[in-house]
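Chemist: So the chains spell out like this:
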Amino acid sequence: MRRTICSLKFCLALLAASAVFPQAGNAEDKTYICSISDARECTSEADCKAVELEEILVAPLIIYDLEKKAIVSAAMRDHGREEKIAGIHRTPSDLIIYGHGDDEVWNTIISLKDGTMTGNINSGDATHILFGHCAPNIYPR
Amino acid sequence: MLAALAPVHAAQGSVLPLSEAHISQYLKRLSLTEKQKPSVTAIMRRWRQEGEAILKKHGITGQGGKKPGLFQLVGLKGELKSVVQWGRSEASKILTPVQMREFEKIYAEGAVLIRKNLHL
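Chains as they are written, first to last, in the working numbering: chain Y, 1 to 141; chain B, 1 to 120.
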């Protein structure tokens, strides 16, 4: 019950952020909270297929901290896992964030117009595509 | 029962609950015949060997209390899945339906332990 209430809090925060900040983001925003709604797995051998986030062990809620140059899981069950941000690039309409681990390379594109998010994780012979929505994070880390 | 064995495999530093002590306990739980024991033991040892190779490939040691990176495990479950499916298929050829139900229970308990050992 407590976990459900806490998950609801995050969802409400995301909705509140979307309401308070009608534009998805601007140059002053230092952190974004992103909710991942869908994922696909693609290889050269088969068509892309939908996968559950649980199956690929990706957190459904991620904070992108551009100031600290890190992305961190904000999910209740998976709190604290993080990655370093290697680079950030802004265009007038999008925020492009990327990084890598030892074996995987990832990138995220956040639309500054409507907060739509797409992400890509390349690991070996497969790529995983994430879809979601982001809003400026009103909760400090 | 698996929780009682946790210190054993923690000392050995493996994420997988498939030490010889674990396997010995699983064999007892499955009430195997003398004819079944070598084959089931071989399945579990191969699970351990291939599972540890996959974990090593993803840089997972389970030591130091460090959480895996946010995207570090993306391909891990898929790779482990094919190894697990092989083991289940082989086990189903050897075990009775009752034994197979206990086998699945052991697998489910192991999956929980693995998540715990990965600090997830």
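Don't read these hints as lab results, they were simulated from the structure.
Be a bit skeptical, because a hint or two may be false.
SDA-like mimics (lysine to any residue), calculated; alpha carbons at most 25 Å apart, straight line [unchecked claim]: (1) B/Lys116 / Y/Glu82; (2) B/Lys77 / Y/Ile36; (3) B/Lys81 / Y/Cys42; (4) B/Lys57 / Y/Ile109; (5) B/Lys35 / B/Gln25; (6) B/Lys81 / Y/Glu55; (7) Y/Lys49 / B/Val84.
Chemist: State for each hint whether it applies.
Modeler: For each hint, the structure was consulted:
no., hint, verdict
1, B/Lys116 / Y/Glu82, "holds, 17 Å"
2, B/Lys77 / Y/Ile36, "holds, 19 Å"
3, B/Lys81 / Y/Cys42, "holds, 17 Å"
4, B/Lys57 / Y/Ile109, "violated, 28 Å"
5, B/Lys35 / B/Gln25, "holds, 17 Å"
6, B/Lys81 / Y/Glu55, "holds, 10 Å"
7, Y/Lys49 / B/Val84, "holds, 21 Å"
Violation of the numbered hints given earlier is confined to hint 4; every other hint is satisfied by the structure.
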